[in-house]
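With the hints as your guide, set chain G onto chain X.
There are 2 protein chains.
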Amino acid sequence: MMESRISLITLGVRNLELERGFYESLGWSGTQPDPTICFFQANGLVFGLWTELGGYGAPGIELAYNVRSPEEVVGLLEEAVAAGGTLVRAAAVMDWGGTSGAFADPEGYVWEVAHNPGWSIGSDGSVTM
Amino acid sequence: MMESRISLITLGVRNLELERGFYESLGWSGTQPDPTICFFQANGLVFGLWTELGGYGAPGIELAYNVRSPEEVVGLLEEAVAAGGTLVRAAAVMDWGGTSGAFADPEGYVWEVAHNPGWSIGSDGSVTM
Chain X
-5 MMESRISLIT LGVRNLELER GFYESLGWSG TQPDPTICFF QANGLVFGLW
45 TELGGYGAPG IELAYNVRSP EEVVGLLEEA VAAGGTLVRA AAVMDWGGTS
95 GAFADPEGYV WEVAHNPGWS IGSDGSVTM
Chain G
-5 MMESRISLIT LGVRNLELER GFYESLGWSG TQPDPTICFF QANGLVFGLW
45 TELGGYGAPG IELAYNVRSP EEVVGLLEEA VAAGGTLVRA AAVMDWGGTS
95 GAFADPEGYV WEVAHNPGWS IGSDGSVTM
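These protein sequences, in sequence, are chains X and G. Under the numbering used here, the letters of the first sequence match residues -5 to 123, in that order. Under the numbering used here, the letters of the second sequence match residues -5 to 123, in that order.
Looking at chain X on its own, in the form it has when it is part of the complex (with noise of 0.2 Å):
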């Protein structure tokens, strides 16, 4: 069982200062826990630039959909596979620490299945960084 929300939109980007400069134009604010990802808060999910998106997903961007545990990464892969997906990684512990994974859904669009023990969960599905 996916809940119907979304966690996380990341676009890949060229010039992580120039897109983000854009969108703090505009009354965004940015945090960049390293060099190469600025993340911005947004209505219950969170919004990234990223510039080392690639190589997997959909072009230039990626979407990602967090549970609440380390275990649902891998039951929620399984579902999707069965659900007529494709696994594009197997749910694996990240260098960031928490543990991630991915689907394909039937015409190619990623969704990263990740724990990211850093970023709570409310009830209602909303991510706050």
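Be aware that a few hints might be false.
Said to hold, decoys possible - If you want the footprint, here are the derived chain G segments under chain X, 3+ residues with CB under 8 Å:
| # | region |
| --- | --- |
| 1 | 3 to 9 |
| 2 | 13 to 26 |
| 3 | 31 to 38 |
| 4 | 93 to 107 |
| 5 | 111 to 123 |
As the list claims (entries may be wrong) - Label-pair distances were calculated between CB atoms; the ranges are:
| # | chain 1 | residue 1 | chain 2 | residue 2 | range |
| --- | --- | --- | --- | --- | --- |
| 6 | G | Arg62 | X | Asp89 | 36 to 46 Å |
| 7 | X | Ser114 | G | Gly116 | 15 to 25 Å |
| 8 | X | Thr25 | G | Ala76 | 37 to 47 Å |
Derived by calculation from the structure, the hints in this document are not laboratory data. We treat Cβ as the ideally placed atom computed from N, Cα and C, and that holds for glycine.
Same frame as chain X, but now just chain G:
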């Protein structure tokens, strides 16, 4: 001023029935206002699958930001251009009854800016169909 929120994420699809079925197999529930599009209510935003996306926008995915009045569409497009974005479509009344225009960010990602009289926007920016 653009609030840091996202109203709609639309994936361009070839086989709407297949794609809708995949997300419904995972537990989502879609509605089709017409045969070309399927909307799913998500966490304060709407997720769409559309067979006619194309010709503009990031490959395969378009983001949208909904505003509370038709006049705000024009104003936000002007602000985006002033911030370094590019006008993609000027504000116009659409055949579905709303007002819509679009800008691209500095790396070409397109945001539709729309006023949809049929969707409500909460005080926190959440969009409900």
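Now the hints, each set against the structure:
{"no.": "1", "hint": "3 to 9", "verdict": "holds (count 5)"}
{"no.": "2", "hint": "13 to 26", "verdict": "holds (count 9)"}
{"no.": "3", "hint": "31 to 38", "verdict": "holds (count 5)"}
{"no.": "4", "hint": "93 to 107", "verdict": "holds (count 4)"}
{"no.": "5", "hint": "111 to 123", "verdict": "holds (count 3)"}
{"no.": "6", "hint": "G/Arg62 to X/Asp89: 36 to 46 Å", "verdict": "holds (42 Å)"}
{"no.": "7", "hint": "X/Ser114 to G/Gly116: 15 to 25 Å", "verdict": "holds (21 Å)"}
{"no.": "8", "hint": "X/Thr25 to G/Ala76: 37 to 47 Å", "verdict": "violated (24 Å)"}
Hint compliance for this structure: hint 8 alone is broken.
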